[in-house]
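So the protein lines, in turn, are chains A and B.
So that you can map any letter, position 108 of the first sequence is 108 in my numbering, and since no number is skipped, the others follow by simple counting.
So that you can map any letter, position 46 of the second sequence is 46 in my numbering, and since no number is skipped, the others follow by simple counting.
Please keep in mind that the hints were generated in silico from the structure rather than gathered at the bench.
Quantities reported herein were computed from a predicted structural model and do not represent experimental measurements.
Do not take every clue at face value.
Unchecked claim - Cross-link-like lysine-lysine pairs, in silico, DSS-like; alpha carbons within 30 angstroms at most: (1) A:Lys52 to B:Lys9; (2) A:Lys60 to B:Lys9; (3) A:Lys68 to A:Lys49; (4) B:Lys14 to A:Lys49; (5) A:Lys49 to B:Lys71; (6) A:Lys60 to A:Lys49; (7) A:Lys77 to A:Lys112; (8) B:Lys71 to B:Lys57; (9) B:Lys57 to A:Lys112.
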Amino acid sequence: GNSVTQMEGPVTLSEEAFLTINCTYTATGYPSLFWYVQYPGEGLQLLLKATKADDKGSNKGFEATYRKETTSFHLEKGSVQVSDSAVYFCALSPYNAGNMLTFGGGTRLMVKP
Amino acid sequence: NAGVTQTPKFRVLKTGQSMTLLCAQDMNHEYMYWYRQDPGMGLRLIHYSVGEGTTAKGEVPDGYNVSRLKKQNFLLGLESAAPSQTSVYFCASRGFGYNEQFFGPGTRLTVL
Numbered sequence: 001g002n003s004v005t006q007m008e009g010p011v012t013l014s015e016e017a018f019l020t021i022n023c024t025y026t027a028t029g030y031p032s033l034f035w036y037v038q039y040p041g042e043g044l045q046l047l048l049k050a051t052k053a054d055d056k057g058s059n060k061g062f063e064a065t066y067r068k069e070t071t072s073f074h075l076e077k078g079s080v081q082v083s084d085s086a087v088y089f090c091a092l093s094p095y096n097a098g099n100m101l102t103f104g105g106g107t108r109l110m111v112k113p
Numbered sequence: 001n002a003g004v005t006q007t008p009k010f011r012v013l014k015t016g017q018s019m020t021l022l023c024a025q026d027m028n029h030e031y032m033y034w035y036r037q038d039p040g041m042g043l044r045l046i047h048y049s050v051g052e053g054t055t056a057k058g059e060v061p062d063g064y065n066v067s068r069l070k071k072q073n074f075l076l077g078l079e080s081a082a083p084s085q086t087s088v089y090f091c092a093s094r095g096f097g098y099n100e101q102f103f104g105p106g107t108r109l110t111v112l
């Protein structure tokens with residue numbers, strides 16, 4: 001079956017530090033890949049996505065590249081801010097099965113001033 | 001547009017009680033979903049709907065029922081609540097031909 005594995009948190013960084021949150025997946029075919037962000041007390045919001053191999057999704061300074069050879073979709077940001085503190089979820093949607101999103105367990109990021 | 005809304009925001013039940021969670025969306029989306037979120041487990045799909053009058057089971061459907069009588073509403077029911085159903089419940093919707101799901105703010109349910 002499909003699965004998503006994320007690095008366990010919490011990840012604690014100082015402001016302006018470089019961020020990487022690892023995400024690897026198992027799926028047949030060519031899934032679409034997503035990063036969602038959940039701020040405290042809120043629902044999930046789509047942060048970025050990629051729909052085919054070598055695509056790079058980007059938004060708000062965050063980037064992730066769809067690497068089929070390593071089945072990975074790692075999230076990066078060059079300089080984090082306190083306002084980036086949230087829980088980040090990696091997810092996949094199998095090709096031709098758009099009803100189903102499979103989520104990783106989530107990674108909590110805490111950014112200190 | 002309000003997007004996806006959920007009622008109630010919080011609820012405490014006793015074991016064996018029943019309740020219904022309401023999800024509403026004003027984006028004319030065909031697809032709607034109910035997830036539960038538990039610590040360290042991400043979100044798991046309970047039930048989903050591909051259109052008015054249709055529902056299907058997700059990954060963890062036991063103990064829940066759903067109905068989609070109107071396109072804009074998706075109801076999640078618990079007939080006899082159990083402590084294992086203590087969780088945060090999220091509703092989401094998606095338009096046909098798009099792969100982004102839009103999420104509601106969640107309902108925190110505690111079953112004592």
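*Restraint status (C-alpha distance of B:Lys57 to A:Lys112 at most 30 angstroms)*: 42 angstroms, violated
*Are B:Lys71 and B:Lys57 close enough, with their CA atoms no more than 30 angstroms apart?*
18 angstroms, holds
_Need the status of pair A:Lys60, B:Lys9: alpha-carbon distance at most 30 angstroms?_
29 angstroms, holds
*Given hint B:Lys71 paired with A:Lys49 - CA-CA distance at most 30 angstroms*: OK: A:Lys49 and B:Lys71 at ~27 angstroms, within 30 angstroms.
*asked:* Between the alpha carbons of A:Lys60 and A:Lys49, is the straight-line distance 30 angstroms or under?
replied: 13 angstroms, holds
_Please verify whether A:Lys52 and B:Lys9 have alpha carbons no more than 30 angstroms apart._
This hinted pair is violated, its Cα atoms lying about 37 angstroms apart.
*Is it true that the CA of B:Lys14 sits at most 30 angstroms from the CA of A:Lys49?*
With a Cα-Cα distance of about 40 angstroms, the restraint between B:Lys14 and A:Lys49 is violated, given a limit of 30 angstroms.
_Check whether the Cα positions of A:Lys77 and A:Lys112 lie no farther apart than 30 angstroms._
15 angstroms, holds
*asked:* So if I understand the rule, the pair passes when the alpha-carbon distance is 30 angstroms or less; does A:Lys68 with A:Lys49 pass?
replied: The given pair, whose Cα atoms are some 14 angstroms apart, holds under the 30 angstroms limit.
In the structure shown, a violation is registered for the earlier hints numbered 1, 4 and 9, in ascending order.
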